[in-house]
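S.K.: Residue numbers (the numbering used here): 453 to 721.
These are calculated hints, taken from the structure and not from any lab test.
It is possible that some hints are incorrect.
Said to hold, decoys possible - Subject to a maximum C-alpha distance of 25 Å in a straight line, what follows is the list of computed SDA-like cross-link-like pairs (lysine to any residue):
hint : residue 1 : residue 2
1    : K571      : G547
2    : K673      : K571
3    : K692      : K528
4    : K692      : S624
5    : K647      : G601
6    : K673      : K692
7    : K692      : P555
8    : K575      : E550
9    : K528      : E558
As the structure is a prediction and not an experimental result, all values here were calculated from the model.
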Amino acid sequence: MAYALRALALVSTLACASAFLPVAPMQLRAASRLSSAATPFAGRTVLPLAAPQRRAASLAAEKVVISATVALPAGKKLKVGICGATGAVGKEIVGVLEKRNFPVGELRLFGSARSAGTKVPTKFGELVIEDFSVAAAREMDVVFVSVSGDFSLEHCNAMAEGDDGAVVIDNSSAFRYMEDIALCVPEINADAARKGSKKVIANPNCTTAIGVMALYPLHKKYGLKKVLMSTYQAASGAGKEGMDELFNGAKEVVTGPEGTIAKNEVFAH
């Protein structure tokens, strides 16, 4: 499902945080400080994936530097926060952290005032949803954000700023075209997270992430000038509200009189 892929992309972004360079949706964005090994892609440029041996040695012997102002020591268990923890993507992020045995020392789940106090069973123990605050999020080493673009624009920089701020990995579209924010597909672009000027890391939508995974090897071998891609996206890409609208709309059409048209508020049609 779309939300599961988004969650996996978010966790992969952190797990491979030492191997990124910026890319933009549907075409790779020009990166600063390009090396002589850079490869052109759709008129832009991206560095190839770092050698596995070099990455492994770096992770084993050095700190994983996320930006000029923060470093996460390899091997340390991390304090992880999830904003939007009660949503479809937030729940999947928890599940991916569990399945991948991610080095979580402490997990805190942030939600709205309405969901605060709800108890959630996890592999890391029974957790209580907390009402979100920037101050609480800044206590974390890493914060995954999967709420909305407006929420991200309002809070992400505040969570990340300063030497004592968190590394913030955002799942919305808010930062995807901002040149000073690293936009990462971890299996493809190298060093973007640690070369970014801010501790906010963006990721492209699920269609783009999957698409470039197939396109980049073809580009490296043959060269690509233009790609036309048609997508048919799942309702789950809009989260719980989208899935509820699909379910309720289908029920209206099936059970209602002939010619019934379902109401749409989340989707354009």
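S.K.: Run through the hints listed earlier and report the numbers of any the structure violates, in increasing order.
M.R.: 2, 3, 6, 7
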